[in-house]
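Novice: Sequence:
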Amino acid sequence: MPRVLVIEDDETTAREIVAELSAHGMFAEWVANGRDGLAHALQGGYDLITLDRMLPGMDGIDVVAELRRAGSDAPVLMISALSDVDERVRGLRAGGDDYLTKPFAPDEMSARAEVLLRRRQPQSVQRLRVADLELDLVSHVAYRAGQPLTLLPTEYRLLEFLMRNSGQVLTRTMIFETVWGFHFDPGTNVIDVHIARLRRKIDGAGQPALIHTVRGTGYMLAAANETAPVVS
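Using full-length UniProt numbering, read the sequence shown as starting at 1 and increasing by one per residue.
Simulated from the structure, these hints should not be mistaken for laboratory data.
Accuracy of the hints is not assured; some may be wrong.
Think about it this way: if two alpha-carbon atoms lie no more than 20 Å apart in a straight line, the pair counts; the simulated SDA-like pairs of lysine to any residue are [as the list claims (entries may be wrong)]: (1) K102 x F161; (2) K201 x R157; (3) K201 x A223; (4) K201 x I191; (5) K201 x A145; (6) K102 x A14; (7) K201 x Y143; (8) K102 x S80; (9) K201 x I211; (10) K201 x T154; (11) K102 x E11; (12) K102 x E87; (13) K102 x I191; (14) K201 x L117; (15) K102 x D59; (16) K102 x T154; (17) K201 x F161; (18) K201 x S139; (19) K102 x D136; (20) K201 x T213; (21) K102 x P56; (22) K201 x M163; (23) K102 x T173; (24) K201 x V130; (25) K201 x D136; (26) K102 x A145; (27) K102 x L82; (28) K102 x N33; (29) K102 x A223; (30) K102 x V89; (31) K201 x V141; (32) K201 x L128.
Label-pair ranges, simulated between beta-carbon atoms [claimed, not checked]: (33) V89 x L117: 19 to 25 Å; (34) G25 x D73: 18 to 24 Å; (35) A223 x Q43: 37 to 43 Å; (36) T150 x D59: 45 to 51 Å; (37) L82 x L117: 23 to 29 Å.
Using N, Cα and C, we set each Cβ at its ideal position, and we do this for glycine too.
With the hints as extra help, turn the sequences into a complete structure.
Specialist: Structure representation (C-alpha cells):
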C-alpha cells in the first residue's frame, strides 16, 4: 500500500484528499503546517507527498526546495489556489513534480497521484503492451497486430503516455501538460486533433478500438476486456 503524506492547512480539503486517496488503496497521513510537514517528509518512507502551496510556518515552495536539497526524490504533487503560470513554474522549478490548482476534482487529484506513483516505479521494461498494440521504448516504433505504425514525435509521446497509464482515465489537462509541457488552455483543440490522428493509425478498420473518449473528462487507452467508465 503506497504511503502518502498530505501537507495541507485546511482541514476540510485535507480530509477530502485523505478520503479520496484511501478510496484508491493508499495510506494517507495528514500534517497541517509546513515545518511539521517537512520534518515528517525528511523521515522518509513516503511514496508520494501532496503539498499545499500556502502553508503556516513554512511556505510550500520552501518545503519542496528543502526536500530536494536534502536529497529526497519522493514525488511531490503541489496543490494551490494560485493558478497563474508564474506560480506554477515556481512550484515546478522548486522541485514539484506536478501542480494542481484549487478548486480541484477529487478524482483528478487521485489520478494525478496514481500517475506520479507509476512514474516512480523502475522503468526497466523495453516494450509496453496493451492487447495487440506494442510500443518499443528503445527503437520508438509502435506495432499493431505485428505491423509497424508510422508515428510523428508528438504522436509517439502521446501514445506512450496513454499506454503507461492504460485503463486509467486521463484528463485533457494531464495529457496536455505531460505531452506538450505547457499549462492547459481549455480553448485549444490540439489534444483532440492529435487523438484523432492517432486513432486513425492505431484503431484501423476491423480492429477493436483501444483509444476511448471519456465524456466530459478526457481519454483512456484500454483493451476491450478492461473495466471502463462510460466511453464513446
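Novice: For each hint given before, does the structure comply? Return the numbers of the non-compliant ones in rising order.
Specialist: When the structure is compared with the hints, numbers 1, 13, 14, 16, 19, 26 and 29 turn out to be violated.
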